[in-house]
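Undergrad: Chains as they are written, first to last, in this note's numbering: chain X, 1 to 278; chain C, 1 to 295; chain A, 1 to 334.
Hints are computed from structural coordinates only; laboratory data are not their basis. Please read these numbers as outputs of a predicted model, since none were measured by experiment. Ideal placement from N, C-alpha and C gives every residue a C-beta, glycine not left out. There could be a bad hint or two in this list.
Computed list of lysine-lysine pairs in DSS-like fashion (alpha-carbon distance at most 25 Å, straight line) [claimed, not checked]:
{"id": "1", "chain 1": "X", "residue 1": "LYS168", "chain 2": "X", "residue 2": "LYS151"}
{"id": "2", "chain 1": "A", "residue 1": "LYS312", "chain 2": "X", "residue 2": "LYS137"}
{"id": "3", "chain 1": "A", "residue 1": "LYS164", "chain 2": "X", "residue 2": "LYS137"}
{"id": "4", "chain 1": "A", "residue 1": "LYS164", "chain 2": "A", "residue 2": "LYS32"}
{"id": "5", "chain 1": "A", "residue 1": "LYS32", "chain 2": "X", "residue 2": "LYS168"}
Partial chain A-side listing against chain C, Cβ under 10 Å, derived [claimed, not checked]:
{"id": "6", "residue": "LEU24"}
{"id": "7", "residue": "ALA127"}
{"id": "8", "residue": "ARG138"}
{"id": "9", "residue": "ALA147"}
{"id": "10", "residue": "ILE251"}
{"id": "11", "residue": "VAL300"}
{"id": "12", "residue": "GLU313"}
{"id": "13", "residue": "PHE314"}
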Amino acid sequence: MTRLVPTPSTGVIPERDLGKNPVLEVVRLGIDFGGLTAVDDFTITIGPTEICGLIGPNGAGKTTVFNLLTNVYQPTRGTILLNGVPTQGKSVYEVNKMGIARTFQNVRLFREMSVEDNVLIGLHNSMDYNIFESFCKMPRYFREEKKSHEKAMELLSIFNMEHLAEDKAGSLPYGVQRRLEILRALATDPSIILLDEPAAGMNPNETEALMQNIQKIRDTFRIAVMLIEHDMNLVMGICEGIAVLNYGRIIAKGTPDEIKANPQVIEAYLGNRRGESA
Amino acid sequence: MSTFSLIIKQIINGLQLGSIFALVAVGYSMVYGIIRLLNFAHCDIIMVGAYIAWFFMANFANMPLIAVAASILGCTLLGVTIEKVAYKPLRSSPRISLLITAIGISYLLENTAQLMLGAAAKKVPGFFTVETIRIGQVTVSTASLVTIAVLAISMVLLTLLVQKTKLGRAMRAVSEDAETAQLMGTNINGTISFTFAVGSALAGIGSVLYCCAYPQVSPTMGSMLGLKAFVAAVLGGIGSIPGAMIGGFMIGLTEVFVSAIGLSTWKDAVVFLILIIILLVKPSGILGKTVSEKV
Amino acid sequence: MKKKFNLPVRQLATVGAFAFFLILGNFLMEKKVIGLYYTKVLMVAAINMILAVSLNIATGYLGQLPLGSAGFMAVGAYTSAIIMRKVTFVSPALAFPVCIIIGGLAAALCGFIIGVPALRLKGDYIAIITLGFAEIIRIVILNIDSALGITLTYGASNLKNIPKTTTFTNAFIWVFIVCYLVNALMKSRHGRAILSIRDNEIAAESCGINLTYYKTMAFIVYAFFTGIGGALYAGYLGILNPSGFSFAKSIDILVMVVLGGMGSMTGSVISAAVLTIVPEILHAFSDYRMIVYSLLLIVVMIFRPAGLMGNKEFSMDMLTGMFKKKTKGGQRKK
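Make the full structure from the sequences, and use the hints.
TA: Take a look at the structure:
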């Protein structure tokens, strides 16, 4: 694949995953709601196994960026290339099939369904049998269902949740629901996973475990992770690169150390929250 | 009569019918705007209003204004009661439960009326002593002119109410975002009840005007009228008062002209076809806004 | 984890129980324990079961509220009846299953035509658009003959002399087939996708579920089975009139689904049986049937929105679960 690489590089950390094709390339992405520009000039490149943090004050447009990346909102301007393929004009489910999975800020599980079924929905497109094979109970139906069941259990084991497989998803504690949502996203076999505030509502111990698990997921599945988070310990602890968003624009990009030292960031963001993030 | 005056007469008939649809449509639209409920019972409130009008006209035929007042009052009370008893307990339930309850109420009113008053239609005595007025070459019925005039006045008053008064502001605020409105100190329950009251009062007016146009009442008279009024509300853009009026006129005129060219058995089908086409082409209607769900 | 019976055993047991039910029914009818009148009631109950189970696909599983059951029923009934009347070269009993399927397919086609536009819309609009569509179908059936100058549906003057081919046995065999197919659908990835749409559309889409495809699929399956119910209804009545397929018919079916519990197939079956048979036993009640139905809708929604069964299914596991509870004094192994 030959593609013009813009200079200077748009990567959060330019030297990471050097020589590999980036999983996600976003060029000058922007959206207007009515006359209001919610996100503008959003340009970023994410390497195939990078953990990238997206931070910024409330209302900076972080979740809007996720909605743009998953085509929930059609961007007004700009291009998104996923593994080199533009996602323009695709619908939400097609973008997922192309390789972007996500979680939601306010957890969106299938509350009435069992934990295992939630994961099986994620595995939906990897199962290969048609409706008539399920009507006639053909061998392929049983084979695929069995394979998916095993895969679902394997995924649940990442967060030690196998024993919860038959529980109703809506009845789980909040933290467990968040973890289940991550597993469901992983089940769709993405090349990049977008996590919207994965540590919200978790205590420090749980957050610590989550950090290790995010790294574990990246290492096992060899995928990129992009996360929105307010917990600075988590962001600084696991992100290799961080982008800071303010008023819909990226005001800084770089490694955690660079971001910590950036005066603009301190003024716009960390400065106001120093007390909380200490 | 010349073709020209015939056409004028049909247009006036269409506007008359359209005015009734518009009055009913506004009720649907307001309720939908505020609690996102397609109030199936609205059409049966009209039926009850018509029965009240019939009762007073049959007994006190010389005092039509009492029938009008009783009908409006009856509808208002009924509307508010339905809201308090059946819809309020379900405010936090899934929308489908609310809709099923509304269907239940509609069905309950219809069948109670049928059981109490019989399925046969009852004739309503005329409201006007002077039945027709001659303007130039065209003879029009008094009922048509009164209906159109009443609609115009109601719409002006309603617009003033919604745009200029404190209650109107509360209504707009609740329909925009009920939770935030509550945090800002709006009395949600009161506002919703008030909306039902206004919508039902308009249905009361509509029911009397309907009795003027088609002087008979039956337990099932509301369902078709209500459905068409709902089509009018959707056509004009649900949640919009001028939209309901435009929608009402369009449906009224369509129906009259479809009948005039000899296809009266198909007129209901045509109205529903219009609905399906509107929902396909522009689901938000002529004057409606598109609302997208927050992710 | 719960211990479940393995599949072949469960399937055999279900088929066995069903066969026993059919033989018992036929035996009781032969011995005149169940008279002609109640045989008919049971046939209506079977038809209502099919209608309720199919509406439950759209309402309980997909979470939409179509009010057009009567329309799809009418399409199924008229299509199958018209063909049955024309086909004289084979015995009606042989032609009937084919006609039922053709009736179902005709209804499914209508379901596709109406479903594609309707399902792009949200919630209440689907109710109103399907209601309007059912009304259009009724008007078309009523007026098509005079409009085109043909004799097909006979409009308001009844469509008569339809072979009365619906029997107790074949009606319940269709109930069994429909339930089996719906159950197989819901236990597959397609069924799960439909359920996920009900639970959370946005999440389902972000998990790669094609919303339009699965909504339309569920809707077509609903229309197809409703059409089958309609075809059986035609074979039961022997005479059809468009006024029999009014809005009231759609509401009757909705009451069954709501009472049984939206999302429970067995709930739909049980409540269809109860709501068909009980009113027939209590004759005095017939004047108040509609009022009781409407009160049922309201009261169930306010006090027990989950209905009789919630979204659970009545099964052998449930029975054995209850049995274990009793014998072990509520101590169940986890």
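Undergrad: If a hint holds in the structure, say so; if it does not, say that too.
TA: Status of each hint after checking the structure:
1. X:LYS168 to X:LYS151: holds (19 Å)
2. A:LYS312 to X:LYS137: holds (22 Å)
3. A:LYS164 to X:LYS137: violated (34 Å)
4. A:LYS164 to A:LYS32: This hinted pair holds, its Cα atoms lying about 21 Å apart.
5. A:LYS32 to X:LYS168: violated (48 Å)
6. LEU24: violated (36 Å)
7. ALA127: holds (6 Å)
8. ARG138: Holds: closest Cβ of chain C sits about 9 Å from A:ARG138, inside 10 Å.
9. ALA147: holds (8 Å)
10. ILE251: At about 6 Å, which falls below the 10 Å cut-off, the nearest Cβ of chain C leaves the hint on A:ILE251 intact, so it holds.
11. VAL300: holds (8 Å)
12. GLU313: For A:GLU313, the interface hint is violated, since the closest Cβ of chain C sits about 20 Å away, which is over 10 Å.
13. PHE314: violated (22 Å)
Taken one by one, the earlier hints fail for this structure at numbers 3, 5, 6, 12 and 13, listed in ascending order.
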